[in-house]
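Below are the chains, spelled out letter by letter.
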Amino acid sequence: MNKPQAPIDYNNPVITIKGLKKSFDDYHVLRGVDLELFQGENLVVLGRSGTGKSVLIKIVSGLLTADHGSVNVLGCDINKVTPKELQELRIRIGFSFQNSALYDSMTVRKNLEFPLVRNRKGIGKKEIDAKVDEVLEAVGLRQTINQMPSELSGGQRKRIGIARTLILNPEIMLYDEPTAGLDPITCIDINELINEVQEQYKTSSIIITHDLTCAKQTGDRIAMLLDGQFQRQGTFEEVFDTDDKRVKPFFDYNFIK
Amino acid sequence: MDNGNTRTLQTGTKAKKRGWLTSFFISLYKIHKFIIQFFKEAFVPPFEFKEIVRQCYEVGVRSFTLISLTGFIVGLIFTKQSRPSLGQFGATSWLPSLVSIAIMRALAPLVTALIAAGKVGSSIGAELGSMRVTEQIDAMEVSGTNPFKFLVCTRVLATTLAIPILATYTGLVAMLGGYINVATNEGTSFSTFVQQFFDPLTFTDFTSSLIKSIVFGFTIGIVGCYQGYFSNKGTEGVGKAANGAVVTAMFLIFIEEIVIVQITSWFR
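Here the protein sequences come in this chain order: A and B. Going by this note's numbering, the first residue of the first sequence is number 96, and it counts up by one from there. Going by this note's numbering, the first residue of the second sequence is number 330, and it counts up by one from there.
If you are wondering where the hints come from, they were derived from the structure by calculation, not from laboratory data. Quick caveat: nothing in here was measured; it's all calculated off a predicted structure. Think of the CB as a built atom: it goes at the ideal place given N, C-alpha and C, for glycine as much as any other residue. Take these hints with a grain of salt, some might be off.
Example chain A residues on the side facing chain B (calculated, C-beta under 10 angstroms, incomplete) [claimed, not checked]:
no.	residue
1	G157
2	R259
3	K340
So here's chain A without its partners, still in its complex pose (with noise of 0.2 angstroms):
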């Protein structure tokens, strides 16, 4: 199944990365990364583990500092922005993280409730109903909503980190292996959810993933990661259409050639 067609602005960049460098002590993860990622489009990054994938979100939600380059998120240089800006800036940005990160101690309801309480003031109880119920109308999850996360299973654990981010309305999605873990018919669901939030909350997302029909559902445009650099983007078809023997064995290896 490949993705259906989404509107994507191309003359408005959400994202631009350029000459993005980060290294941990002598290892060099990102060696000079140039990125956009524009208004509504869905970016699949490819790599194998340990080449800076998620790195490289890490950096764009400010979780990590950059060693070089500029990165420009939402009209925001994150790396000259104030404490409070960045704050300001993480509301609109959302992040679903590869183990969901749900908070263990809270109820489904609660983990749902906690960014929004917290990021819009004077919010009122039927408001918050409304939206916890939207949001988890919008994942399937109705049901869940009085459950702790423990009580769930990985591709509810998962639907549940993404429902959390979409709470707030966020611009961007960003995606930290969505479909690690999980067995084959869930991650077709995952991969249709990433769809559909894109079709409806019109969000643009950078998917981290090493998961070829995760590339393929869901990519608007593939970047291939490769010695800390982005060597080949492009679609699906044209990312792989190659003899490129860096690229070539990571298709090859894959069921779904």
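Based on the hints, put chain B in the right spot on chain A.
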């Protein structure tokens, strides 16, 4: 954008390659920064009153049973063990005074702090450590919440407020334990015992005891939070954070006890 979280993630790997002395000084520097960040953030709005109250309740509930039992036994045993020595001089009537000085000046704050370090400190270390390794702290941060303020400041303030209350409670329960021994052997009435218990105590005793409890409470909170907040290496790191929170807090509590006793002795 420079926050504690970022710094940890970026310096975590570097610490591995350094010698223990360098690592020790780096840790000291990080703790120093952590404490400064606490004072910078704890007393500026928005305040997390609800969470502080919830944490105070947690600290109290977690330690209440053990503290009640320990306090009572400490009072009872201390009185029982002191009796023969005082009896040799025919001074068993001084038991309430002896017990009160020992308990109020030293035992109540110290015993409470050691129990809280074990129960509360380890719990804070493990909880925050687990939140760190499962990216819950990062999730909080990216959703526009300051995790340091919400998780660290509230817990440190809660332990700083709750430990003095618990120490006072320990003192009273220990007094009850002492009374049972005295009443059984001498048939002293409760009112007489209470009068003899509080008579030798001075304002300095109460103040030093209160200050000690506040310092101990702060230490338990800050050490537990520091260990948990900067934990890594997965589940192994959570265990280390819990263990480190207890060991470090207990070690610091003993040092603080010596320092505060020395300082208060100058005022007596």
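To see whether the hints hold, each was checked on the structure:
no., hint, result
1, G157, "5 angstroms, holds"
2, R259, "7 angstroms, holds"
3, K340, "30 angstroms, violated"
Violation of the numbered hints given earlier is confined to hint 3; every other hint is satisfied by the structure.
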